[in-house]
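Enquirer: Generate coordinates for the entire structure from the input sequences, incorporating the hints supplied.
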Amino acid sequence: MSGCGFTNSQPSTVEVMTALIWRAQINATRARYGHLKTSMMSMPMNLRGRTFEKIPKNCCGNFFTMINAKIPVNDSKMGLNDFVDLVRDAIRNSITEFAQPSEGEDGFFSKVMKPFREFFEELGKKDGDLIFSGEKPAEEIEDDKGNKSPNQLYQSWINNDGLLSSWLLGTMKEEVMSLIYSEVDTAYKIWTSIEEQLLPVIVEKEGLLKNMLMSIRKGLKSHDEYLKKFKSICDNLAAIKKLVSDGDKVFQFAHGLGKKYMDFRTAMLTKPPYPSFSQFVLALQGHEQAVLAHKEEEKTYLEHAQAYFGQRGCGRNGRGGRGNFNSRGRGFTSAGRHNS
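Going by UniProt numbering, the residue at position 193 of the sequence shown is 193; the numbering climbs one at a time, nothing skipped.
Hints are supplied without guarantee of correctness; some may be wrong.
What the hints assert, rightly or not - Mimicking PhoX-like on lysine-lysine, the simulated pairs with C-alpha atoms at most 20 Å apart in a straight line are: (1) K295 <-> K260; (2) K295 <-> K259; (3) K70 <-> K37; (4) K77 <-> K37; (5) K218 <-> K228; (6) K111 <-> K54; (7) K210 <-> K241; (8) K231 <-> K242; (9) K231 <-> K241; (10) K205 <-> K241; (11) K205 <-> K229; (12) K221 <-> K231; (13) K210 <-> K231; (14) K210 <-> K228.
Claimed, not checked - Label-pair ranges, simulated between beta-carbon atoms: (15) P200 <-> A293: 49 to 57 Å; (16) R32 <-> E175: 35 to 43 Å; (17) E121 <-> D144: 31 to 39 Å; (18) E121 <-> L198: 29 to 37 Å.
Keep in mind that the hints were calculated from the coordinates and are not lab data.
Heads up, the beta-carbon is just placed ideally off N, CA and C, and yes, glycines get one too.
Expert: As structure tokens, this is what we get:
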């Protein structure tokens, strides 16, 4: 596929190193257990600029999927070049798939999550496999006769916990990573360490946001500014898992409108069924437009009335009627004329 740069090109350093590490891990597993096992390589791939669907310019955060490549048990004579080809084929197939349009409403989401499902399905195939857990299994197990043997769950736990730890650390900002204690060495400890550090901040933030939600007022803000600020408070609460119910949104938003909207608020909220938040906002926008239209009509009417009365006044003053002063009558002498 020349469009993706795979034809007649040398493998990248990442592809070669991934293949080399993969092959070394397979050889180590065979040396440990005395036989080969089915192996799956999984690595993240950045999706920005590689999808048929356009990604919004203001989209932020990690946007990736996983690339999986699998080697069956019977492929025991594979060289390094074979591993490199498997890695490159997996990357090429993934890029090709995401370059095509998705089918259905959930097509794109399903496409992104498919490699994750395949990976975890492979991990869970064997009975007794321990995917992720807070407690590390023992390195050895003892049977009824007191004989000790390597615990296969231990190595599985080490691999899986390392994968989860890399995912956690790879999605954290630097200031969050600085909160993790140096002795933390498992995914569970990483998570609990962050929780211990951030929980007081989250509790304080929750109280602050709830107070803001109770006290927010429209005041002199425009309708759009008030709505944007209100939604921002609700979104921040949702980010810390403190969702505001739709009904509470309606009543808090309506309360913040003030006395000016008393009639509208009464008409909307005195009788059930009560509107959803979206319905209330749409109704408020319609009310605002109606009020503005009424004000424009009043303004136009006043301008016409002022123009009408102004024209009548000018007409009376311009006809030279009885209301005008004239000095030619009896008993008046024109200025500048005197009898000797």
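Enquirer: Does K54 sit within 20 Å of K111, going by the straight-line distance between their CA atoms?
Expert: holds (15 Å)
Enquirer: Verify the proposed pairing of K231 with K242, using a straight-line Cα cut of 20 Å.
Expert: holds (14 Å)
Enquirer: Straight-line Cα separation of K231 and K241 no greater than 20 Å?
Expert: holds (15 Å)
Enquirer: Holds or violated: are the alpha carbons of K205 and K241 at most 20 Å from each other?
Expert: holds (12 Å)
Enquirer: Are the Cα atoms of K295 and K260 separated by 20 Å or less?
Expert: Roughly 15 Å separates the two Cα atoms, so the pair holds.
Enquirer: At the C-beta level, are E121 and D144 separated by a distance inside 31 to 39 Å?
Expert: holds (33 Å)
Enquirer: Quickly compare the C-alpha distance for K295 and K259 to 20 Å and report which way the hint goes.
Expert: holds (19 Å)
Enquirer: Range hint 29 to 37 Å: satisfied by the CB atoms of E121 and L198?
Expert: Cβ of E121 to Cβ of L198: about 33 Å, so the range 29 to 37 Å holds.
Enquirer: Assess, step by step, whether the Cα of K210 is no farther than 20 Å from the Cα of K228, and give holds or violated.
Expert: Roughly 16 Å separates the two Cα atoms, so the pair holds.
Enquirer: Given the hinted pair K221 and K231, is their Cα-Cα distance within 20 Å?
Expert: holds (14 Å)
Enquirer: Does K241 lie within 20 Å of K210 when you go C-alpha to C-alpha?
Expert: Holds, at about 13 Å.
Enquirer: Holds or violated: 35 to 43 Å for the Cβ distance of R32 and E175?
Expert: Since the Cβ atoms of R32 and E175 sit about 40 Å apart, the hinted range of 35 to 43 Å holds.
Hint check: no violations occur; every hint is consistent with the structure.
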